[in-house]
Amino acid sequence: KKLRVLAMEAMFQRARHAMEIALEKSREQARELAMEASKRADQIKDLALDKVRASVAAASPPDASATRIDEEEYQRYGITPELRDFVQGLTIDTFRDFPMEDQESKSGFSIAFSIPINKGFDVLSPWKEHHALLVLSAVPEISEFRYKLCPKHIKDKRFWRIYFTLVDGHLAK
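Mapping the sequence shown onto the numbering used here, position 100 (from 1) lands on 163, and the numbers just tick up by one.
Since the hints were derived computationally from the structure, they do not count as laboratory data.
It cannot be assumed that every hint is accurate.
[Stated by the list, open to error] Taking lysine-lysine pairs in the BS3-like style, the calculated list, with each CA pair at most 30 Å apart, reads: (1) K211 x K88; (2) K114 x K220; (3) K108 x K220; (4) K215 x K102; (5) K102 x K88; (6) K114 x K211; (7) K108 x K191; (8) K114 x K102; (9) K191 x K102; (10) K191 x K220; (11) K218 x K102; (12) K218 x K191; (13) K114 x K191.
[Said to hold, decoys possible] FRET-style restraints, in silico, Cβ to Cβ: (14) A100 x G232: 41 to 51 Å; (15) R116 x T154: 28 to 38 Å; (16) A73 x A97: 30 to 40 Å; (17) T154 x D105: 20 to 30 Å; (18) A70 x P214: 51 to 61 Å; (19) A111 x M71: 55 to 65 Å; (20) L110 x T143: 26 to 36 Å.
Just so you know, even glycine gets a beta-carbon here, dropped at the ideal spot from N, CA and C.
Kindly produce the complete structure, drawing on both the sequences and the hints.
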């Protein structure tokens, strides 16, 4: 009977050892897959950023008359040199750390920080939508911020809500 128990214990120990080896191999494979996935994600992100930069560069007009027309359109939509300078001074952290709550009180102000929330931000007006498209081409940094932040860190509508809150004083009424 003792021999049987000893044999079973030895078999159990061998099975346990084999299971630990298999588990360690699985962990190592999971680490390798995670590293590969991270590298591939970085490659895809870099390719996408290159495409964004290329599309912004391609959107630049080739001659001076086209530039004048574009500048007039930029002006119509509030994209002045002063606004560009202001927007270029923003950082990705400005958007990531902006103190705006999605929940609002009955007064229309955010509960935690008392920053006004405009209920119309859920859908941009045609003017704001066109302004947003123009500012993405006029200030490539804002395009990069949006690409890096949306939707992984913040939603697109929150991004634009923050943007229009920040530039409100710089847009002609």
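Within a Cα-Cα threshold of 30 Å, do K191 and K102 meet the stated pairing? With a Cα-Cα distance of about 37 Å, the restraint between K191 and K102 is violated, given a limit of 30 Å.
Between the alpha carbons of K108 and K220, is the straight-line distance 30 Å or under? 21 Å, holds
Restraint status (C-alpha distance of K114 to K211 at most 30 Å): 14 Å, holds
Compare the distance between the alpha carbons of K114 and K102 with 30 Å, and conclude whether the hinted pair is satisfied. 18 Å, holds
Starting from the range 41 to 51 Å, see whether the pair A100 and G232 falls in it by beta-carbon distance. At roughly 43 Å between Cβ atoms, G232 and A100 fall inside 41 to 51 Å, so the hint holds.
Next pair to validate is K218 with K191; report whether the Cα-Cα distance is within 30 Å. Given that 30 Å is the threshold and the Cα spacing comes to 17 Å, the pair holds.
Could you grab the alpha-carbon distance between K218 and K102 and see if it respects the 30 Å cut-off? The hint holds at about 25 Å.
Hint check: K114 vs K191, CA-CA at most 30 Å. Holds or violated? 24 Å, holds
Given hint K220 paired with K114 - CA-CA distance at most 30 Å: 23 Å, holds
Regarding R116 and T154, is the given constraint of 28 to 38 Å on their beta-carbon distance met? Check failed, 19 Å falls outside 28 to 38 Å.
Just to be careful, I want the Cα atoms of K102 and K88 compared with a cutoff of 30 Å; is the pair within it? 21 Å, holds
Taking the Cβ atom of A111 and the Cβ atom of M71, is their distance within the range 55 to 65 Å? Because 58 Å falls inside the window, the suggested range holds.
Taken one by one, the earlier hints fail for this structure at numbers 1, 9 and 15, listed in ascending order.
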